[in-house]
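Enquirer: Chain by chain, the residues run as shown.
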Amino acid sequence: MVPIIQVKDLTYTYQNSKVPALQNVSLTIEPGQWIAIVGHNGSGKSTLAQMLNGLIAPQSGEVYIDGELLTEESVWAIRRKIGIVFQSPDNQFVGATVADDVAFGMENNGVPRAEMIPRVQAALAQVGMTAYADHEPARLSGGQKQRVALAGVLAQRPQVIILDEATSMLDPQGRHDVVSLMTSLRKTGQFTIISITHDIDEAALADQVILMDNGKVITSGTPAEIFAQGEMLQQHGLTVPLSEKVRQGLLQAGVKVADHYLDEEQLVKNLWTLHSNK
Amino acid sequence: MDITFKQVDYTYQADSPMATLGLRDINLHFKSGTYNAIIGQTGSGKSTLLQHLNALLIPTKGEVVIGQQVVTPQTKNKELYDLRRKVGLVFQFPESQLFEETVLKDVAFAPKNFGKSVAEADEIARRALRLVGIAPELEDKMPFDLSGGQMRRVAIAGVLAMEPEVLVLDEPTAGLDPVGREEMMTLFAKIQSERNLTVILVTHQMDDVVRYAEQVVVMEQGRVLKTGQPQEIFADIPWLHQHNLELPSTGRLVQQLQQQGFQFSQVPLTVPELLAQLTPQLKQVVTYE
Ligand SMILES: Nc1ncnc2c1ncn2[C@@H]1O[C@H](COP(=O)(O)OP(=O)(O)O)[C@@H](O)[C@H]1O
Ligand SMILES: Nc1ncnc2c1ncn2[C@@H]1O[C@H](COP(=O)(O)OP(=O)(O)O)[C@@H](O)[C@H]1O
Ligand SMILES: [Mg+2]
Ligand SMILES: [Mg+2]
Chain A
1 MVPIIQVKDL TYTYQNSKVP ALQNVSLTIE PGQWIAIVGH NGSGKSTLAQ MLNGLIAPQS
61 GEVYIDGELL TEESVWAIRR KIGIVFQSPD NQFVGATVAD DVAFGMENNG VPRAEMIPRV
121 QAALAQVGMT AYADHEPARL SGGQKQRVAL AGVLAQRPQV IILDEATSML DPQGRHDVVS
181 LMTSLRKTGQ FTIISITHDI DEAALADQVI LMDNGKVITS GTPAEIFAQG EMLQQHGLTV
241 PLSEKVRQGL LQAGVKVADH YLDEEQLVKN LWTLHSNK
Chain B
1001 MDITFKQVDY TYQADSPMAT LGLRDINLHF KSGTYNAIIG QTGSGKSTLL QHLNALLIPT
1061 KGEVVIGQQV VTPQTKNKEL YDLRRKVGLV FQFPESQLFE ETVLKDVAFA PKNFGKSVAE
1121 ADEIARRALR LVGIAPELED KMPFDLSGGQ MRRVAIAGVL AMEPEVLVLD EPTAGLDPVG
1181 REEMMTLFAK IQSERNLTVI LVTHQMDDVV RYAEQVVVME QGRVLKTGQP QEIFADIPWL
1241 HQHNLELPST GRLVQQLQQQ GFQFSQVPLT VPELLAQLTP QLKQVVTYE
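So the sequences go chain by chain: A and B.
Positions 1 to 278 (my numbering) are the ones given, in order, by the first sequence.
Positions 1001 to 1289 (my numbering) are the ones given, in order, by the second sequence.
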């Protein structure tokens, strides 16, 4: 299988900066995977995301999308394959109505009008925002705005969807809505999802977690592999999930809880076997 | 400064067909020097309430008493100059309000505006920047060249440079990474105790509410639904669900443990509280004295 994303030895330093934002980053991502990229602010996650769709050109190294090398010539075709939803729900709207906004990206890519209308409708239906097609984007809640932004990306029929902290500015309800939408998009099997997130519960949904710091990939693995390394996460400015905090606390109190990471459900089951009345 | 709301109503676009309810019959007291949290769903009126604290909004009915200043529907703008210096408001996404060409100028803007000399204002600004953890080498950068988290700190330094007595924070940690959030919350706690500020925090982070707030105000549809200490507010899980309120992060795990058959005398709100109630219910490894 051709990897959907392959990054080789990427390095990038911003013009007015002395330290590189990315240093020798190499990655391979298989199609259909849900990848979470975690790392504290400034670790290089957004720079990497923007490099994947050619918003920023690498100073050295290579990006292959679906087997094709990203170059000045291929960047336009590749941008159609990769859609990004950004952090701030407010700065990504251009249309006067929700429907216009969803159509905007397609207009830019020269999709014929006749084809645009059904695509807009399908995308809005996919994110559950059909009833808002004629509304003004500015008047939506944060969570609704992010769903519309996601519809704009979906309408372009991308292979990869990148969500760059797309839930981090939402209230709990908005976050929940966007995350369940991501879960249902994954089920279609049509997309590779890259979610850049600080929400450890969101990262726990991924197939693979990539930890970045200082412009480098520190490690990657399944959520269980990554979350078991509490000390390392803390060293790189992240926290461990609640279930891991509790497991560590119980170990210290002398309880013979499992010796590896458990999610909440598994932890509850494990603790029940240790109940003192059994 | 003590702050009291007496039967406050606020209507957006009052006297127009577009009139929308912002606040209804608010009665509240924030004691001087205390740490208060306001929680509630989006649209429940939290930001509307906060904007009454420095009279950005003036009640449509009732009165707000802030220190010596009484704000009623009749209060004129020019009477509010002093109040606005004393109440520092950190808006949601404060970084969007940075406007000066360097970090230092941005933070020094308020003290300059309130009559300090350039040298004094710069000095106050530097102190505020150090307090929020912005290094000297960033002072001459353009605010927009900084990372989101750094811009947020600069914006907060801008408010601290006014040396306010009341610090009003509208979701100040939204969008920060966990360590950034923790640092920011620790910072607010430190400033609060050092300068004996009254803090009023709007947040969706219930763990922060539990950890820092002495009084919690729950808002729903423009009204105060409940006030109390965190222990009182978070004791009743079904009530929280009924009003679409989040639990502290321990809450979800506690519910699963309860469903499995574990017993809790009261809902543990922090990890140490959870461990204290859980450990006695589990078989221990035998330890010898
Ligand atoms: N436009 C820019 N100009 C200069 N430096 C930048 C710019 N954008 C980001 N940086 C710097 O690059 C590094 C990586 O930033 P970023 O990729 O945004 O990290 P993250 O998304 O993980 O927070 C940081 O040190 C940041 O300050
Ligand atoms: N400028 C405004 N004009 C009209 N209505 C507003 C305005 N700002 C807020 N509202 C309305 O007032 C209510 C309370 O909003 P707000 O105080 O922003 O809630 P919260 O901060 O809890 O999300 C909502 O119904 C909102 O739509
Ligand atoms: Mg980023
Ligand atoms: Mg608000």
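Just so you know, these hints were derived from the structure itself, not from any lab.
Keep in mind that the hints are not guaranteed to be accurate.
Stated by the list, open to error - The calculated DSBU-like cross-link candidates involving lysine-lysine, where the alpha carbons are at most 35 Å apart (straight line), are:
{"hint": "1", "chain 1": "B", "residue 1": "K1031", "chain 2": "A", "residue 2": "K8"}
{"hint": "2", "chain 1": "A", "residue 1": "K269", "chain 2": "B", "residue 2": "K1283"}
{"hint": "3", "chain 1": "B", "residue 1": "K1112", "chain 2": "A", "residue 2": "K245"}
{"hint": "4", "chain 1": "B", "residue 1": "K1190", "chain 2": "A", "residue 2": "K245"}
{"hint": "5", "chain 1": "B", "residue 1": "K1283", "chain 2": "A", "residue 2": "K256"}
{"hint": "6", "chain 1": "B", "residue 1": "K1116", "chain 2": "B", "residue 2": "K1076"}
{"hint": "7", "chain 1": "B", "residue 1": "K1141", "chain 2": "A", "residue 2": "K216"}
{"hint": "8", "chain 1": "B", "residue 1": "K1006", "chain 2": "A", "residue 2": "K245"}
{"hint": "9", "chain 1": "A", "residue 1": "K18", "chain 2": "B", "residue 2": "K1283"}
{"hint": "10", "chain 1": "B", "residue 1": "K1105", "chain 2": "A", "residue 2": "K216"}
{"hint": "11", "chain 1": "A", "residue 1": "K216", "chain 2": "B", "residue 2": "K1116"}
{"hint": "12", "chain 1": "A", "residue 1": "K18", "chain 2": "B", "residue 2": "K1076"}
What the hints assert, rightly or not - A short list of chain B residues far from chain A (calculated; beta carbon distances all over 10 Å):
{"hint": "13", "residue": "N1027"}
{"hint": "14", "residue": "Q1051"}
{"hint": "15", "residue": "A1055"}
{"hint": "16", "residue": "K1078"}
{"hint": "17", "residue": "L1083"}
{"hint": "18", "residue": "R1085"}
{"hint": "19", "residue": "G1149"}
{"hint": "20", "residue": "S1193"}
{"hint": "21", "residue": "D1236"}
{"hint": "22", "residue": "P1238"}
{"hint": "23", "residue": "H1243"}
{"hint": "24", "residue": "Q1260"}
{"hint": "25", "residue": "Q1281"}
As the structure is a prediction and not an experimental result, all values here were calculated from the model.
Glycine is no exception: its CB is placed at the ideal position from the N, C-alpha and C atoms.
Enquirer: Run every hint past the structure and note whether it holds.
Expert: Taking the hints in turn, this is what the structure says about them:
no.	hint	in the structure
1	B:K1031 / A:K8	violated, 58 Å
2	A:K269 / B:K1283	holds, 14 Å
3	B:K1112 / A:K245	violated, 47 Å
4	B:K1190 / A:K245	holds, 25 Å
5	B:K1283 / A:K256	holds, 8 Å
6	B:K1116 / B:K1076	holds, 26 Å
7	B:K1141 / A:K216	holds, 25 Å
8	B:K1006 / A:K245	violated, 44 Å
9	A:K18 / B:K1283	violated, 55 Å
10	B:K1105 / A:K216	holds, 33 Å
11	A:K216 / B:K1116	violated, 45 Å
12	A:K18 / B:K1076	violated, 52 Å
13	N1027	holds, 26 Å
14	Q1051	holds, 18 Å
15	A1055	holds, 26 Å
16	K1078	holds, 32 Å
17	L1083	holds, 29 Å
18	R1085	holds, 29 Å
19	G1149	violated, 4 Å
20	S1193	holds, 24 Å
21	D1236	holds, 18 Å
22	P1238	holds, 18 Å
23	H1243	holds, 12 Å
24	Q1260	violated, 5 Å
25	Q1281	violated, 6 Å
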